[in-house]
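**Q** Sequence:
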Amino acid sequence: MADQLFYSIYRNIFLHNVILQHKCNNLELEISVSYLNQYHRYLSKLDCENYNRNIFVPISSDEEADKYLESNYKHLITRLSIVDDIAVSKQQAVLSQLPDNLKSLEQAYGFFGNYGSNLKKLEIDFRFTPIHKDFAQDTLPKNLTSLWINGYNGAIGKDVLPDSLTDLNIVCSNAQQLSNCYSSTNNPLNIYLTITDPIQRPVFLNRKHHFKYLDLTIENVAFEVGDIPDTVQTLSLRGLGELQANVIPASVTDLELSHYNFQFKSGDLPQGLLKLYASQYNQPLEPNVLPSGIIDLSLKSFNHPLVANTLPSSLLELRLHAFDQPLLPNILPNKLESLVLVDHSQTIQCDVLPNSLKQLFVKHTTPFTSSQCFPSSLSKLEIDVFDGTPGFMQLIPESVKTLYLDFVHRSPQHQNITFDGHVSLPQHITSLTLGWSVYTIPSSFLPQSLLRLSIENFETVIQPADETQQSIYPPNLQTLKVVTDYPYPLPLPESLKVLIEGYKLVMITK
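This note's numbering applies: residue 1 is where the sequence shown begins, and numbers increase by one.
Just so you know, these hints were derived from the structure itself, not from any lab. For every residue, glycine included, the Cβ atom is placed at its ideal position computed from N, Cα and C. You may find that some hints are simply not true.
[To be verified] Derived CB-CB ranges, DEER-like:
{"no.": "1", "residue 1": "P464", "residue 2": "L505", "range": "53 to 63 Å"}
{"no.": "2", "residue 1": "D324", "residue 2": "S292", "range": "19 to 29 Å"}
{"no.": "3", "residue 1": "D324", "residue 2": "S32", "range": "47 to 57 Å"}
{"no.": "4", "residue 1": "L490", "residue 2": "S370", "range": "33 to 43 Å"}
{"no.": "5", "residue 1": "K158", "residue 2": "G116", "range": "46 to 56 Å"}
{"no.": "6", "residue 1": "S32", "residue 2": "E123", "range": "17 to 27 Å"}
{"no.": "7", "residue 1": "K158", "residue 2": "H304", "range": "48 to 58 Å"}
{"no.": "8", "residue 1": "N118", "residue 2": "D197", "range": "28 to 38 Å"}
{"no.": "9", "residue 1": "S266", "residue 2": "Q372", "range": "16 to 26 Å"}
{"no.": "10", "residue 1": "D197", "residue 2": "S32", "range": "18 to 28 Å"}
{"no.": "11", "residue 1": "A250", "residue 2": "T366", "range": "38 to 48 Å"}
{"no.": "12", "residue 1": "S236", "residue 2": "H304", "range": "23 to 33 Å"}
Start from the sequences and build out the full structure, keeping to the hints where you can.
**A** Below, the structure written as structure tokens:
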């Protein structure tokens, strides 16, 4: 009865169209101009005005620009991007013939176009046009809500920014360019600011606007309380002097300190911080200094012992690239889901890894001596320098379904890994990625349970067991992902549904 009701509705042309519009909501179709010209009748049926969808056409060559200029169906495009490889004259021609329905535009040269009233999002990169016109009062469309500009060396005068603007993303060389910008509109703005040249002390003039993102390079000076607006949520600082309490405002939830190597003290970091990235930090961490609510912590250079209560109990993701100290029980938080130990070579005892852990990245297999070292929750394991040790494969728990392997040596001439023809990866592995340093492996090494195989090296060779073996692939393989132009052996398995070369979908079957 339900099926009959559905098909009676679906055969109704009006209701069919309504269902189609809802089914294609929140969708962006990336197509070429040739596709636009060929299938314009179908594309014209998509209601892009009343539903959240885009028909996106990237113009990446002179040939594509010519096709665009000749097309009679430009009016269907709602998002357009123009790269810097296109001849300047063709870029100017494209900008003079923008579709009236265009909602989003990304352009690589600082030429102003005939922007329609429907344009909501505009990105302009001025870096390739050192000499360019300044923004005038009528340059930007009156309904624009988001503006991104990079490399603009002029001033933004009064009444240039439309009152409809809510988000302003600026990448510029110095803060002096911004003095008039903030008073250009009467409405509060969410401002995402990146200043590329080093600054002595930041001066942010109009506090009524909401600075959401700041990316600054400082010439080794210390900030004072109040220097950073208390609306900033994401903050990235390079070259910062030693922090003082309350300098980082309480509003910051995402903090990146690229060159910071002063020891963290209580009060240096806001208590509401959720994410902390400190790539050069290599000082001891005292207990209870890190904010108690952090969920994501990345310390690339840190190599000091960890003691109880050093890591907050809220932590979900932890990346310790240089860390090579013993890990003791009850050090890692009980909620931790993802752990990266790039250089860790110490033995990992049982009860060290929490039962919440789902993803683990390690460099070596030597830290593990028993399958009991792995938590039963682990589903993804990544090994960066696998040495082919048969004994280790027996330690991989059945809960692990996804495996990433890279080998010890970085060239095919030095891959001295001997594989036992009778030893394969565990049969519970369903997804396998072979990294950049995998050159030669026997097909018997691949588990028969494999459903997805990814190969990241153009030179990876999977050797058949003998001349009679017809296919080197596991019998149930459904997805094969390889690098562009990879010479994958034929025949492909009949079970294969998806074949991907680089970023290109080559084959898909039902």
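**Q** Can you tell me whether the CB distance of P464 to L505 sits inside 53 to 63 Å?
**A** Since P464 and L505 have Cβ atoms about 27 Å apart, the given range 53 to 63 Å is violated.
**Q** Taking the Cβ atom of K158 and the Cβ atom of G116, is their distance within the range 46 to 56 Å?
**A** Violated - the Cβ-Cβ distance for K158 and G116, about 24 Å, lies outside 46 to 56 Å.
**Q** Quick check on a hinted range of 18 to 28 Å for D197 and S32, using CB atoms only.
**A** violated (39 Å)
**Q** Between D324 and S292, is the Cβ distance one that fits in 19 to 29 Å?
**A** holds (27 Å)
**Q** So does L490 sit 33 to 43 Å from S370, Cβ to Cβ?
**A** holds (42 Å)
**Q** How does the Cβ-Cβ distance of K158 and H304 compare with 48 to 58 Å: does it lie in that range?
**A** holds (53 Å)
**Q** Determine whether the Cβ-Cβ distance between A250 and T366 falls within the hinted range of 38 to 48 Å.
**A** holds (44 Å)
**Q** Starting from the hint 17 to 27 Å, judge whether the C-beta atoms of S32 and E123 obey it.
**A** holds (21 Å)
**Q** Assuming the hint says 16 to 26 Å, is it satisfied by the Cβ distance from S266 to Q372 or not?
**A** violated (38 Å)
**Q** When you take the CB atoms of S236 and H304, is the distance between them in 23 to 33 Å?
**A** Given a distance of about 24 Å, which is inside 23 to 33 Å, the answer is holds.
**Q** Quick one: are D324 and S32 within 47 to 57 Å, going by C-beta?
**A** holds (50 Å)
**Q** Using the C-beta atoms of N118 and D197, is the stated range 28 to 38 Å upheld?
**A** holds (36 Å)
The structure shown violates the earlier hints numbered 1, 5, 9, 10.
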